[in-house]
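Participant: Each chain, written out:
There are 2 protein chains.
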Amino acid sequence: MHKNKAYLNCLQREQAQELWYQKLTECGFFKNLPRETILVGDARGRVTASSIYAKQSVPHYNGAAMDGIAVWASDTFGAQENEPKRLTLLTEEQTFSSDCCYVVDTGDLMPLGTNAVVMVEDVYFVDGGAEIIAAVAPWQHVRIIGEDIVANELVLPEHHVISPVDIAALLAAGVEEIEVLSKPKVAVIPTGDEIVATCKELKPGVILDVNSHMLSAAVAEWGGEPVRMNIVKDNIHGIKRAIFASLQVNDMVIVNAGTSAGREDYTSTVLSELGEVLVHGVAIKPGKPVILAICQGKPVIGLPGYPVSAMLTAELFIRNVLVARQKLPPYEEDKIEAALVKQIASTLGVEEYVRVSVGNVQGKMVAAPLSRGAGLISSLTKAQGIIRVGRGNLGLAAGTVLPVNLLHKAKPANTILAVGSHDLALELLGVFLRRRRENVYLSCANVGSMGGIMAIANNEAHIAGIHLLDEETGQYNKAQMEKYLPNKNLHLVHFAMRQQGLMVLPNNPKEIEGLKDLTRPEITYINRQRGSGTRMLLDYELKKSTIHSSQIRGYEKEVGTHMAVAASVIAGAADTGLGVQAAAHALGLDFIPVSQEQYDLILNFSTDDEHMNIIIDILQSPEFRYEVESLGGYDLRDAGKLIHFSKEN
Amino acid sequence: MHKNKAYLNCLQREQAQELWYQKLTECGFFKNLPRETILVGDARGRVTASSIYAKQSVPHYNGAAMDGIAVWASDTFGAQENEPKRLTLLTEEQTFSSDCCYVVDTGDLMPLGTNAVVMVEDVYFVDGGAEIIAAVAPWQHVRIIGEDIVANELVLPEHHVISPVDIAALLAAGVEEIEVLSKPKVAVIPTGDEIVATCKELKPGVILDVNSHMLSAAVAEWGGEPVRMNIVKDNIHGIKRAIFASLQVNDMVIVNAGTSAGREDYTSTVLSELGEVLVHGVAIKPGKPVILAICQGKPVIGLPGYPVSAMLTAELFIRNVLVARQKLPPYEEDKIEAALVKQIASTLGVEEYVRVSVGNVQGKMVAAPLSRGAGLISSLTKAQGIIRVGRGNLGLAAGTVLPVNLLHKAKPANTILAVGSHDLALELLGVFLRRRRENVYLSCANVGSMGGIMAIANNEAHIAGIHLLDEETGQYNKAQMEKYLPNKNLHLVHFAMRQQGLMVLPNNPKEIEGLKDLTRPEITYINRQRGSGTRMLLDYELKKSTIHSSQIRGYEKEVGTHMAVAASVIAGAADTGLGVQAAAHALGLDFIPVSQEQYDLILNFSTDDEHMNIIIDILQSPEFRYEVESLGGYDLRDAGKLIHFSKEN
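Residue numbers (the working numbering), protein chains in the order written: chain A, 11 to 659; chain B, 11 to 659.
Simulated from the structure, these hints should not be mistaken for lab results.
Treat the hints with care, since some could be wrong.
Identical chains blur together in the list; that is why a pair holds if it fits in one copy or across any two.
Straight-line Cα separation of at most 30 Å, DSS-like style, residue types lysine-lysine; simulated pairs [what the hints assert, rightly or not]:
| hint | residue 1 | residue 2 |
| --- | --- | --- |
| 1 | 421 | 41 |
| 2 | 298 | 243 |
| 3 | 553 | 498 |
| 4 | 352 | 374 |
| 5 | 392 | 41 |
| 6 | 374 | 657 |
| 7 | 33 | 250 |
| 8 | 345 | 95 |
| 9 | 421 | 498 |
| 10 | 213 | 392 |
| 11 | 657 | 498 |
| 12 | 498 | 488 |
| 13 | 651 | 298 |
| 14 | 419 | 345 |
Treat the numbers as computed from the prediction; the structure is a model and nothing was measured.
Go ahead and model the full structure; you've got the sequences and the hints to work with.
Facilitator: Below you can see the structure in the form of structure tokens.
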């Protein structure tokens, strides 16, 4: 209910966009645009400010189009191979008269009085004359003045995007300088007390200004000229000064607020003092707090602080107006249809945008929603597409087939979807794959081992990384695969033995040496969720050591990832937890090895797909083994070995 | 037969491309590429030289994701709206203990010992404490360290094209500088005695260097860094010096030969002295003389001199290798299917490339071949697509449906095809159309009035400009339209009264005052072809003046365009000819008005096509009338008037 209320006073996206266009049109944003004169040679990609007409004809003279002799065409009529006709050869200085000719090379000016060229292959030079064995029509083999472009003819229309061939045409037509539309100048102002400009200034509680770089690059991508300003502190006067100054020398101003609640109020207050706030809040998610204003006749946009929200609202409210102002063709994303691999919950009355991975699994195009936090930059880089969940939906069921807008020329046909237990070494597999097949992209989604098995069952993934221990047998993976994935063509291939261990603060202040220490009353443990491979391993090892879970303080506190365990230790919320070495390493924690576990890959490829063989080949290669083992905590001696092959009945 | 022989020793295009790739691969053109370190903020569109891993986790600390109070999650269990739980508020300096909490804002570091945030909406502050009305799970409303990106995790793979969101991810992951592939440096060397660098140096017999600008822009378009060199004269030593010098500092060298026959031999000779010539001549048209060589381990390409040939061979032999070297996705043109509007003759054994206009006429996608001269720059700018006529074809019949590669994001759906008698004022109509509909493009093909009528009959054009006089009645256009285009939904709309007259040399040296002077024995006339509107007008006017064609010297000499008439006069091949004022004006000839003719438009649009009404509206507008009449020789007082409407039975 909270969420619904929050959107009550918001405009709908279409209303906001329409109002925005209308007001920008009214204030002249799309008209009487500034222009500049540039050299034609520098004009690639620029847009003509007005129609451009030829200053000279092309060709600018009547020229021979062949090597041969220039003649008066009717003098040649009747000439044939067996009945040659003889013409008198003249020198350049001699005036033309009937039955005469001149020697010409391709490109030479046609001598006065001639109107055709007999090509050299049809001419026999005899003393003082030329015998020709073929007749020519008037103007045959002659490039007539203006036959390509006539002086005063239109060469390029107004608002045309100049390509390399246009440059050739302009120059040929005698146009060496042209007027083009100036690129719109867009100021990008990062604001916020908690924002710093460089990594050096980073400490807990402050965050790096990445948005101003991202938004400036986006402005450039959309044809504008970004002007990235210094960070402005959260202070009404400072923000007002910065916006006012930017308005004087730019065509548009973007203010990027901090992420704190209520922070955008500064921007809103300042903008209503400087001009008119048209929109404050749009019923979209993420991106609700966007502000659209017109100040001093220019657009000013307040974008939310979270990167995903900032990018989405920039795409919705900046991209198209920037492109339209430049008279560039409207931005169009490629669209495909794909089936959702898991359900998406959504809020009624709010239009939601969800980034997805897209791939073709066993002939079916599938879209896997990425984590939806507005602050998750990784969802921006991992996304290959974006789907829109309409206002009228409470969500979309798994399996729903819906349109996906593809991002940055994504090629779903070349995407390999890896879904399951996440592992840094799996990403290295992606790197090696690309070295073999330049356009292949491995997309990794972290949903745990059982999630991976389910994805394979539904043909929603090519690869599932799993580490599932069978407590009965102490065996890994094969039993679960047989149980949950019967009747499918699948390969189970060994990937690595992976070290699991206890993560502790640097220098191990509580002197934890192994699982036995977990029973010490002063030690607090942080656990992984039921069903995770790591939890299964813990339970198995505790059983072997005859430790009962009730002896461990914190056993019942569960978190969902290796990193959450590590984070708990760093935060002092727990003294230790079980996880992979890489997580400990990433956060600078110490690591006490407990047990090796077996991490394998289920491969789900069509028989005609070459990628499976490449993957197995990579797993078995010494280079791959070397690189993965260098990460620490991995043993790849049997990588690539086929453990199990299941067949469709 | 000549043509066939010329291609006998040529490689086929696919063979040449394959050999070229293979040799470039062997000489390492695609490997161990030069790289450079740049700031991440400047990296948009660049390509990563190697995989990039996170230097820090994102977030880099456990931070509050909401404004509220930081708590130990299990202390909140059981709290409800009607059963609030009370916690003690601590200040920053106080150490955490059970049932305590701290006030936090979004983004604040989580105090040591806390692992969740209760959002402010669920908190009632009472003196010294906080009453909470909702429980939270561990790490709820907390951004856990590394939940977005984990230190050491892959951020971008090797050979990835960097987008704005990638810039955000890199910076957030602590990566402020990266190694990217250097852009390949490509020298472009124009050669030829007849080539000049500027319009000022232009005179008959020399031509402007437009290719080096076009090719440099193309190199830039394909991601390379062009280095345009000065023009080199046709001199073996000079050319060799220029190529040798360019090889030292560039990754690729393009030599653009002059257009004269045999000129490319210089390049070929030099290249075989400097390295190995792999290919000299490919069985394609245009573009046959292309030379592919490897000198000092680097590719050197000799491109033919005609602009259309140069561009085509650059697209075939430079674009893809440049793109592949940069690890950019292979260049792909959009393809559509369209029906040829007229037949294309072709040479057996030669692969021909023909540029076309493309448009949707009455629901049928049609492709209209443009003039095919290799020297016709205008065919490059007017083309919206390119079709390939295979080696096995002697040509393609009109109506053949075949694939068309679309050029520069052409949008056939927005193209209006005007086919018929050409007129400068028609191009102005295109300019005005664009002002009303930004993405509409008017493509004009000059095939004469009867050609236009035939194109309309076959639904191959939207507009036909015609000026056809009925000798019986002295009436224009309507009779012909009724005769040749029965049973079709068409509008005949008046465009302009157009002045036809006699073109003569400046200052009219032979003192020609009108048609009566054509009978003077010392006057030579140049005629237009039978069936052209201008020829019909002449014959009609001669009849009125009771002049017989036999009285006119040159009456039987025909050329095909207004410009060819003007060119004949300039060249001294004739003293005068009938044509429109604009042609005379373009070439600086004097003009003696003879008669006004009626130029009308047949409009062939689907009923749901809005363009017809826009066109009529433009024709009737005072702005359009003003601009067209300013061209001279036009009267638009009745423009836009509906003359005739024919209906399908």
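Participant: List, from low to high, the hint numbers that the structure doesn't satisfy.
Facilitator: Violated: hints 3, 8, 13.
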